[in-house]
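**Q** Letter by letter, the sequence shown follows residues 1 to 154 of the numbering used here.
Derived from the structure by calculation, the hints contain no laboratory data. From a predicted model like this one, the values you see are computed outputs, not experimental measurements. Ideal placement from N, C-alpha and C gives every residue a C-beta, glycine not left out. Each hint should be verified, as a subset may be incorrect.
[Claimed, not checked] Below, in silico cross-link-like pairs of lysine-lysine (DSSO-like), each with a Cα-Cα straight-line distance of 27 Å or less:
hint, residue 1, residue 2
1, Lys77, Lys37
2, Lys112, Lys37
3, Lys77, Lys112
4, Lys74, Lys37
5, Lys10, Lys37
6, Lys112, Lys74
[As the list claims (entries may be wrong)] Computed Cβ-Cβ distance ranges for the label pairs, DEER-style:
hint, residue 1, residue 2, range
7, Asp20, Trp86, 36 to 44 Å
8, Gln22, Trp86, 35 to 43 Å
9, Leu11, Gly69, 22 to 30 Å
10, Leu19, Ile80, 38 to 46 Å
11, Leu51, Glu76, 42 to 50 Å
12, Val99, Gln35, 14 to 22 Å
13, Asp98, Ser50, 30 to 38 Å
14, Glu14, Glu79, 43 to 51 Å
15, Met120, Ala38, 20 to 28 Å
16, Gln91, Pro53, 39 to 47 Å
17, Leu11, Val99, 19 to 27 Å
18, Leu132, Glu79, 37 to 45 Å
19, Leu17, Met120, 16 to 24 Å
20, Glu124, Gly40, 22 to 30 Å
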Amino acid sequence: TYDFMEFLWKLYLEGRLPLDFQPIQRELPYHAPCQLKAHGMGRPALDVLSLIPGLSVWELDADCCGIAGTYGYKVEKREISEIVGWSLAQQVYESGSDVVVCDTETCRWQIKALTGAASMHPVELVAQAYGLSVDDYKPPVTASEAPKAPARAW
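Please take these sequences and the hints and turn them into a complete structure.
**A** Right, dumping it as structure tokens:
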């Protein structure tokens, strides 16, 4: 099993990732989630994003956003969650950026809650560099067109 950005980096190292990226003229901060740090896989998102012309992404120095999955959403844990996440929030403010790149959904929720900044998954930048729009995505079939699973005989 691979993290998605780890998989893209693997494809690049194997020479199988198309590199026909359109330039993106942006400078964005990146928060590496604790989960990815714990897996010891490096920073594949930063590696892949470094391939996009014009894009400058730098890693913020905060250890943790404080959310810990859904821990920080518990009413009784919210205060400690905000205290832990304060370093990240301060760095986001100091960056002056209104967007932060981050791999995990719960970290992105916490970034938004603590700073008001928007956040995006790194693959959104990859899609943009390929000229794709996440908003234009249409599933290959609608739910009504999807094949029905056979009835189970219990």
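**Q** For each hint, tell me whether it holds in the structure or not.
**A** The hints, checked one at a time:
Distance restraint check for lysine 77 and lysine 37: the Cα-Cα separation of roughly 23 Å lies within the 27 Å cut-off, and the hinted pair is therefore satisfied. With a C-alpha separation of about 21 Å, the suggested pairing of lysine 112 with lysine 37 holds against the 27 Å cut-off. For a cut-off of 27 Å, the pair hint linking lysine 77 to lysine 112 stands: about 18 Å separates their Cα positions. At most 27 Å may separate the alpha-carbon atoms for a hinted pair to count; lysine 74 and lysine 37 meet this at roughly 24 Å.
A C-alpha spacing of about 18 Å is found between lysine 10 and lysine 37, which places the hinted pair at or below 27 Å, so the restraint holds. Between lysine 112 and lysine 74, the direct Cα distance comes to roughly 17 Å. Compliance with the 27 Å bound is thereby established for this hinted pair. Separated by about 41 Å at the C-beta atoms, aspartate 20 and tryptophan 86 satisfy the suggested range of 36 to 44 Å. With their beta carbons about 37 Å apart, glutamine 22 and tryptophan 86 fall inside the hinted range of 35 to 43 Å.
The given range of 22 to 30 Å is respected by leucine 11 and glycine 69, whose C-beta atoms sit roughly 29 Å from each other. Checking the proposed 38 to 46 Å range against leucine 19 and isoleucine 80 shows it holds: the Cβ atoms sit about 44 Å from each other. Checking the proposed 42 to 50 Å range against leucine 51 and glutamate 76 shows it holds: the Cβ atoms sit about 44 Å from each other. The supplied range of 14 to 22 Å is met by valine 99 and glutamine 35, whose beta-carbon atoms lie about 21 Å from each other.
For the pair aspartate 98 and serine 50, the supplied restraint of 30 to 38 Å is violated, since their beta-carbon distance comes to about 22 Å. Take glutamate 14 and glutamate 79: their Cβ atoms lie about 46 Å apart, and the range 43 to 51 Å holds. About 22 Å separates the C-beta atoms of methionine 120 and alanine 38, a value consistent with the hinted range of 20 to 28 Å. Hint check: glutamine 91 to proline 53, Cβ distance near 26 Å, so the stated range 39 to 47 Å is violated.
Taken as a hint, the range 19 to 27 Å holds for the pair leucine 11 and valine 99, whose Cβ atoms sit roughly 26 Å apart. In this structure, leucine 132 and glutamate 79 meet the distance hint of 37 to 45 Å, their C-beta atoms being roughly 41 Å apart. Evaluation of the 16 to 24 Å hint for leucine 17 and methionine 120 yields a pass: the beta carbon distance comes to about 20 Å. The hint said 22 to 30 Å for the Cβ distance between glutamate 124 and glycine 40, and at roughly 25 Å that hint holds.
Hints 13 and 16 from the list above are not met by this structure, while the remaining hints are.
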